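Visitor: Spelled out from the first residue to the last, the chains are:
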Amino acid sequence: MREADSELLVEILDTLIPPSEDGRMPGAGEIGLAAAVREQTQASADVIAAGLAAAEAGGFSSLDLAGRVALLRELEPSQPAFIATLLFPTFSEYYRHPQVLVGLGLEPRPPHPKGHELEAGNLEGLARVRARGKLYRDA
Amino acid sequence: MSDETVDVLIIGAGAAGAAIAWSLAETRMRIVCLEQGGWMNPADYPSNRDDWEMQGLGPFGFSPNGRGRREDYPVNDDDSPIKISNFNAVGGSTILYAAHFPRLHPSDFRVRSLDGVADDWPIDYATLEPFYDLNAEMMGVAGLEGDPAYPPKKPTLPHVPLGKLGETLAGGFDALGWHWWPSDSAIATAEHAGRAPCINLGPCVTGCAQGAKGSTDVTYWPVAVRAGVEVRTHCRVREISVGPDGLVDGAIYIDAEGNERKQRAEIVIVACNGVGTPRLLLNSASAQFPDGLANRSGLVGKNLMFHPYALVTGWFPERLEGYKGPMGCSLICQEFYETDPARDFLRGYSFEMLRGQGPLQTALQGLGGKVGWGPGHHEAYDRIWDKSAGMVIICEDLPEQHNQVSLDPELTDADGIPAPKIDYCLSENSERMLEHAVARGREVLVASGAQETEAISPLPPAGWHLMGTARMGTDPAASVVDANCRSHDVKNLFIVDGSVFVTSGGVNPTNTIQALALYVADHIKQNLTNLFD
Ligand SMILES: Cc1cc2nc3c(=O)[nH]c(=O)nc-3n(C[C@H](O)[C@H](O)[C@H](O)COP(=O)(O)OP(=O)(O)OC[C@H]3O[C@@H](n4cnc5c(N)ncnc54)[C@H](O)[C@@H]3O)c2cc1C
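Protein sequence lines, in the order shown, are assigned to chains A and B. Throughout the first sequence, residue numbering follows our numbering, covering 1 to 139 in sequence. Throughout the second sequence, residue numbering follows our numbering, covering 1 to 533 in sequence.
Each hint should be verified, as a subset may be incorrect.
Said to hold, decoys possible - Listed next, the stretches of chain B that the computed footprint assigns to chain A, with coverage defined by at least 3 CB atoms under 8 Å from CB atoms of chain A:
1) 58-69
2) 95-107
3) 168-174
4) 371-385
Claimed, not checked - Distance windows between CB atoms, simulated:
5) 76/A <-> 452/B: 20 to 30 Å
6) 368/B <-> 70/A: 22 to 32 Å
7) 46/A <-> 372/B: 45 to 55 Å
8) 128/A <-> 228/B: 49 to 59 Å
9) 45/A <-> 446/B: 39 to 49 Å
Unchecked claim - Below, simulated DSS-like cross-link-like pairs (lysine-lysine); rule was C-alpha separation at most 25 Å, straight line:
10) 491/B <-> 164/B
11) 370/B <-> 387/B
12) 491/B <-> 262/B
13) 491/B <-> 525/B
14) 387/B <-> 114/A
15) 154/B <-> 134/A
16) 525/B <-> 164/B
17) 114/A <-> 164/B
18) 134/A <-> 262/B
Since the hints were made in silico from the structure, they are not lab data. Predicted model only: the values in this text are computed from it and were never measured. By construction, the Cβ of each residue, glycine as well, lies at the ideal position given by its N, Cα and C atoms.
Chain B extracted, bound-state conformation (with noise of 0.2 Å):
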């Protein structure tokens, strides 16, 4: 391991950080990222196990206070109805993802000229439609072609298949009316760039022991390792430094033997996730940048946006095969995305639909009053037990200052650097969209065939989705970044992660912050011999 300056520091290793990494390895530059978390092992992942259930629980988990991996640093979401789920290895979040992959719509980029609150984005999709179309090749995306909820777009793998829940389900949105379509999934349902077939595990949410769903230590990563990338793993960055014009130079680490280090860097890429990010980047104030690095617009960690979400779950009389196949991926319902002036919200939302339950979180589930003990048990187990098929609801978040991260107190991870703290609550708006959302969903569980249907509205768990915490703009006072994800502060800073975002959309994001991590890849390489003039 050298500490010789690098041309290229990139720090995180999920989603974001593999696809710059890649995009760069071309350039022949020196490039390394730092990543706190190690390589997994698929061999290792639960559903190699019988206890498989048990493991999403425990070390498989997706709160990282309550995993607890030394390479895990503690969220304060104490004040917040949303709490982070994330994941931090070689991979990143996507070690855990559902990997629905869903793009942006056009009208996303514009949504305070269309719908006058928020902002517009910088950039628009026709910007993205060609790194969303690289990304697809990398990822491996599985979806159907002509959905008419987008512009034209060509998966490159066949679509998930509906299984017999999927059809149930479908059979509602096609009584009602609505709009259904496949989902588009990062996930090999052929073999792909060597990556195995799915076979319909299900578990995809502990990790792939198949190798088949789309995270990037198995995509990007293999291939920009082999172009020379250096991934230095078990690596945290405490601080990222800034030299005397006011450049960064590199940033300080702390390495797998417990050693503090500094890397040297023409250029430092930040891909930490919309959480890690701030907190990184608020934890390298110095002199120059008393507010925290890249903050002179003070925006650093404001305007946090989640996805509210809501599950809607409903029980059918027969059972479904609800534990086979990709959990999270199968169908998505666009029906209420676009915004309506007709109801009592701006914006809209995505259902997704996800698969039943295994038996153990069918009892676990039950035990919440559905199934007691005794006698009656396994007739009350009976009537649950594959019976059930569920939709999560995303609805879209629009950002607000006072929902932020910033740094807590007293919180610290393992090597003593100050945790973030996280301040959100729901909009009116938000409030309002999961009410319209969660009826729709009821209504169209019970033309589904359900005789029963539940709701949890918002749904804790769900802070997966974290965006616009150092988000893109053209004006300096009001963003943290430009238009190429530069930041305005600091020539030689970029930011490639959902920070970045200046609105959420409804749907899922990852799709889209590789499809921006891209876009600035091309820039920077476009631009080499005069990023910094």
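Isolated chain A, as found in the complex (with noise of 0.2 Å):
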């Protein structure tokens, strides 16, 4: 890939994964998916290529972030799957990035070895499902 697409895929998954207003999401682009992206994505190598072609040919780059929402979705007729080949790769990425982790209130890290707290819960309700008496039927 040149030079010039992975900048401008970076620009991409900025916009299909934009940083939040608040600032407490990253992009998608700004993390640095864009490598992974583009393994993930090897087997659709023309796909991808056409869509950045035709992306780059609309001045993606020099558009703000509604005139790049704008363009994508007016390339979509024409590149039908591009958008679609990014989006697996992207979410999959992206939601497992320690920076978007944090941004959703989770601590960095794979389940294992730390675990999680969790309350046993109230079991008062049960009384009421006892009082009922036996459900099952003898046999």
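With the hints as a guide, bring the two chains together.
Guide: Below, the structure is given as structure tokens:
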């Protein structure tokens, strides 16, 4: 992929998942997901190349966010697989990135070995269930 | 490795193979188990990794067709709306199972007598009860005593915590006046038999890195191996062989190096699950058994039962911490379990609460329509992140001969052994039951505070309970094995997995599969001196 295409892909990822206005969530491009997305879409390199070329021809980089969104939507009929191909890897890389996990209020770690605390819960309702008596049939 | 004749050959090291191996070990007989998979290393389980959610879609996925590990065999399930889920390793499908561990009800053994459909089992709840108790001790069952949906039973460990999500749903059941109870779960909620306690990792269904979940590689097998049972891994059985006397004399298998070998045995016990077992019996056709081993009834592979599942999800206004805690186990509702003549279906179903999803699964589910790309992305994601609660519905499936496992004429596994083919469709009874259950499921979610609900019915990947394909019975013309799970046709051949189920009940089957295996072991032990008279 050309250097220019790499930059363009970063901008497109930042359009698919832009930073949140409150700064809590980063953009998908700015946290460096482009390489992983490229790798995951290798089997569809032609689709990605054609989509990037069309975006470049539309002057994508010179547009503001609203303009970029409008251009990508405009391209959908002629490049139907472009966005669809990008979305799964973008979402799947984004929602395991440490900065994103922190933004969601999570610790950036796998579940093991620390695990989670969980309350036993309120079992008061079971008094009512017990009071109904036997619910199974004898056989 | 020696190919001398052993006393007992067990094929399959899953839930049932492990239980029967452990129980028979005390006889000091020479016991070998052949298993096509290997031992799992808990350090390799996804919950140790940052990409734990992706792993569940790949190498730890439920479908043997998608997973593509060498030890897996492909299954042609194109002609079934419900697809096969399993795992092939020491521990079998318990490596992935959610460890929901209910028992059948007493009425489940008397379906024909009580409700006029299907057949009665040749044994009853009271027969299995001591083996359910023994299994609870060995597997480490968490739960709460006093559930009025069951005869009295004592769990060995404190129940799995409900957490905020469980409490929320319990509130819905309470509002409607319905039954609910903390689930029986094969999860060590406290240290048990050397197993570390559950620390609420969440993704139990990609293997438990903590070792708290009762998969049989950490429950029965270590004890059985210490007692002298040999587990031979990466050994795939191609055929069970028959001697001139019409008894089975062992099995032909492909070993880890790809060599074909024969293991001779006095007794063969098949524990390959409700699909693997009929596949192996059908692949073991011979001059004496031209239609497949132990298949003079013609019923090997027939009467396949899944539990038709539906998934009902509710979206709540606040966060539920649903990514914490054993994902499949918290509470069960059996309000609609027993037959009610006022309904338009026979038999019944259970609701089992699921937890919510991790961040990635939430996003991928959102891709289906709730979360798009572009400037509205974060607002849309925030509306669903950690705000969903799901319940699965487990419907009883009635046996029908046309639902079956046969051999695929073309598809084979990596060793060239014919693969199973599934033909299955939902009965009208199941469709009506699903419809009723989905409506009730939405009702309880709304009563719990859900603002929106969604249902998938039937749930395609839910072919994880595999039953009925070598059914028990007293009549050799109408069943494959007798009341002790011994083949009617072959005196030294036993089957101990879900294949032998006569009916399916409306609960997860593994506790019953293992109780049956322990019951069969007990029968063998009691009758060792005259087993073949
Ligand atoms: C995702 C998932 C979730 C589940 N959740 C639950 C749950 O919550 N509660 C519940 O009760 N059940 C659950 N189940 C089902 C449960 O795992 C099975 O009921 C149980 O494991 C069946 O036990 P089994 O011994 O009959 O078969 P298995 O455990 O499947 O073991 C069969 C073994 O035989 C081996 N084998 C097969 N053919 C051959 C051959 N030819 N040669 C050598 N070895 C062979 C296989 O490799 C396998 O290890 C779940 C299953 C899955 C996949």
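Visitor: A separate judgement is required for each hint: does it hold in the structure or not?
Guide: Okay, the hints, checked on the actual structure:
Note: the region 58-69 of chain B has 0 residues with beta-carbon separation from chain A under 8 Å; the three-residue rule is not met and the coverage is violated. With 3 residues carrying a beta carbon less than 8 Å from a beta carbon of chain A, the region 95-107 of chain B meets the three-residue requirement, and the given coverage holds. Check on the region 168-174 of chain B: 4 of its residues sit with their Cβ under 8 Å from a Cβ of chain A, so the three-residue criterion for coverage holds. Coverage of a stretch by a chain is defined here by at least three residues with a beta carbon nearer than 8 Å to that chain's beta carbons; for the region 371-385 of chain B and chain A the count is 6, and the condition holds.
A C-beta distance of roughly 27 Å is found between residue 76/A and residue 452/B, which places it inside the suggested range of 20 to 30 Å. Taken as a hint, the range 22 to 32 Å holds for the pair residue 368/B and residue 70/A, whose Cβ atoms sit roughly 24 Å apart. Hint check: residue 46/A to residue 372/B, Cβ distance near 25 Å, so the stated range 45 to 55 Å is violated. Range check, residue 128/A to residue 228/B: about 51 Å between beta-carbon atoms, so the 49 to 59 Å window is met.
Between residue 45/A and residue 446/B the CB atoms are about 47 Å apart, so this pair conforms to the stated range of 39 to 49 Å. As the CA atoms of residue 491/B and residue 164/B are separated by approximately 54 Å, the hinted pair breaks the 25 Å bound. Simply put, residue 370/B and residue 387/B have alpha-carbon atoms about 13 Å apart, close enough for the 25 Å limit, and the pair holds. Annotation: proposed proximity of residue 491/B to residue 262/B holds, straight-line Cα distance about 20 Å (limit 25 Å).
Under the criterion of a C-alpha separation no larger than 25 Å, the hint pairing residue 491/B with residue 525/B is consistent with the structure, at around 15 Å. Restraint check for residue 387/B and residue 114/A: the C-alpha separation of about 23 Å stays at or below 25 Å, so the hint holds. The hinted pair formed by residue 154/B and residue 134/A meets the criterion: a straight-line CA distance of about 16 Å does not exceed 25 Å. For a cut-off of 25 Å, the pair hint linking residue 525/B to residue 164/B is broken: about 47 Å separates their Cα positions.
Under the criterion of a C-alpha separation no larger than 25 Å, the hint pairing residue 114/A with residue 164/B is consistent with the structure, at around 20 Å. Between residue 134/A and residue 262/B, the direct Cα distance comes to roughly 53 Å. Violation of the 25 Å bound is thereby established for this hinted pair.
Comparing the model with each numbered hint stated earlier shows that hints 1, 7, 10, 16, 18 do not hold.
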